[in-house]
Amino acid sequence: RKEVEQDPGPFNVPEGATVAFNCTYSNSASQSFFWYRQDCRKEPKLLMSVYSSGNEDGRFTAQLNRASQYISLLIRDSKLSDSATYLCVVNEIYFGSGTKLNVKP
Amino acid sequence: EPEVTQTPSHQVTQMGQEVILRCVPISNHLYFYWYRQILGQKVEFLVSFYNNEISEKSEIFDDQFSVERPDGSNFTLKIRSTKLEDSAMYFCASRERTATYEQYFGPGTRLTVT
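Protein chains in written order, with this note's numbering: chain A, 2 to 106; chain B, 831 to 944.
No lab work stands behind these hints, which were simulated from the structure alone.
Note that the structure is predicted; figures quoted are calculated from it, not measured.
Heads up, a few of these hints could be off.
Okay, derived cross-link-like pairs now, BS3-like style, lysine-lysine, Cα gap no bigger than 27 angstroms in a straight line [claimed, not checked]: (1) Lys872(B) - Lys80(A); (2) Lys908(B) - Lys46(A); (3) Lys105(A) - Lys908(B); (4) Lys3(A) - Lys101(A); (5) Lys3(A) - Lys872(B); (6) Lys101(A) - Lys46(A); (7) Lys887(B) - Lys46(A); (8) Lys105(A) - Lys913(B); (9) Lys913(B) - Lys80(A); (10) Lys43(A) - Lys3(A); (11) Lys887(B) - Lys80(A); (12) Lys872(B) - Lys908(B); (13) Lys43(A) - Lys908(B); (14) Lys101(A) - Lys908(B).
Next up, chain B with everything else stripped away, as it sits in the complex (with noise of 0.2 angstroms):
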């Protein structure tokens, strides 16, 4: 069964530095999302994104954050000048262009900034 991958597992950064987390999604879907959830909290929207350009982006991501999808398998989000706060699973989703709008979930990648 297809699904969707994501790299590194967990990631450890100090403050202030850039990090990429990285996803492939399923082969044939066209929507992608990020999310990250806090330990204990909710999941939260980040971005999603759609024929190469964001299609919507939450409060959340601001300009030290960006998405990419440098080929055609990978899309990527930055995080330009990690905080503190930013430690979080980050979970990438895809789904197909149809009207059910159900997404796929990578595993995740725990950032932990120190």
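Only chain A is shown next, with the shape it has when bound in the complex (with noise of 0.2 angstroms):
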């Protein structure tokens, strides 16, 4: 079983739709959730860190669901620039396979 499971997508929306992503894991005893960017043939950059309370950062919400063992993440009013691949990471270490958005004009 994997680590860290995500839908693949694509994900093709219009800009300024809301869009969401969700990522499984398999380690009940994980501690650490987060959510990095990726552009194509570029390195993960950090998008957020994801906390038992839930965290917001502008148009990103992120959550966490310990009982289920999966977090989310959701975009609202969806930019241009907002088309990359999202992984979803736990334990640090382990990366999910990503999930692609592809926002269109």
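Starting from the two chains in their separate frames, assemble the complex, guided by the hints.
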């Protein structure tokens, strides 16, 4: 069983749309959770940490559901510049395969 | 803004040759990591390093790999006898000694083994 699983997408959405990604993890004792963004052939860049209480940073909201072992990322009012692959990371070193987002004009 | 740097950006080598990939982590960071990403695949953890020793390593990090922090700034990954399947992007990352575990990645070195 994979440590971290994500829907690969792609998610094709129009500008202004709201889009949500989920990620599931297998280890119930996992302690740290992150969303990273990766542009094509570039390094992963930290988007946000995910806390039990949920957290918001501008148009981005991350939630953690420990009972169901998943984390989510919500992007509101999508911009063209949000087009990228979104990586879920658990326990610092376990990366999901990523969910590709294409925001269209 | 401080950043992680890596050299070279692209390395081409022949199968069986040794390569050394170099990283300069952010200066006040104490934890260092190497990851690889084969084209089209996910980011895979190789090794983490703290206090001048390996703190964790994956199954990928076998005897052909080694890491070193030869001075106060550089962090290197050596691959002793490269194979075709070692062709990948290699990322270095670092983080502070805090409880947040947020890592900052370098731009990567693309290794091509021919």
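Going through the hints against the structure:
The hinted pair formed by Lys872(B) and Lys80(A) meets the criterion: a straight-line CA distance of about 25 angstroms does not exceed 27 angstroms. For the suggested pair Lys908(B) and Lys46(A), the alpha carbons sit about 25 angstroms apart, so the restraint of at most 27 angstroms is met. For a cut-off of 27 angstroms, the pair hint linking Lys105(A) to Lys908(B) is broken: about 42 angstroms separates their Cα positions. Restraint check for Lys3(A) and Lys101(A): the C-alpha separation of about 19 angstroms stays at or below 27 angstroms, so the hint holds.
For the hint linking Lys3(A) to Lys872(B), the alpha-carbon distance of about 12 angstroms falls within 27 angstroms, and the restraint holds. With a C-alpha separation of about 15 angstroms, the suggested pairing of Lys101(A) with Lys46(A) holds against the 27 angstroms cut-off. The hinted pair formed by Lys887(B) and Lys46(A) meets the criterion: a straight-line CA distance of about 22 angstroms does not exceed 27 angstroms. Restraint check for Lys105(A) and Lys913(B): not satisfied, since their Cα atoms lie roughly 40 angstroms apart, outside the 27 angstroms limit.
The straight-line distance between the Cα atoms of Lys913(B) and Lys80(A) is roughly 41 angstroms, outside the 27 angstroms bound, and the hint therefore fails. Taking the CA atoms of Lys43(A) and Lys3(A), the gap is near 24 angstroms; set against the 27 angstroms cutoff, the hint holds. For the hint linking Lys887(B) to Lys80(A), the alpha-carbon distance of about 38 angstroms lies beyond 27 angstroms, and the restraint is violated. With a C-alpha separation of about 21 angstroms, the suggested pair Lys872(B) and Lys908(B) falls inside the 27 angstroms cut-off, and the hint holds.
For the proposed pair Lys43(A) and Lys908(B), the alpha carbon gap of about 22 angstroms is at most 27 angstroms, so the pair holds. For the suggested pair Lys101(A) and Lys908(B), the alpha carbons sit about 32 angstroms apart, so the restraint of at most 27 angstroms is broken.
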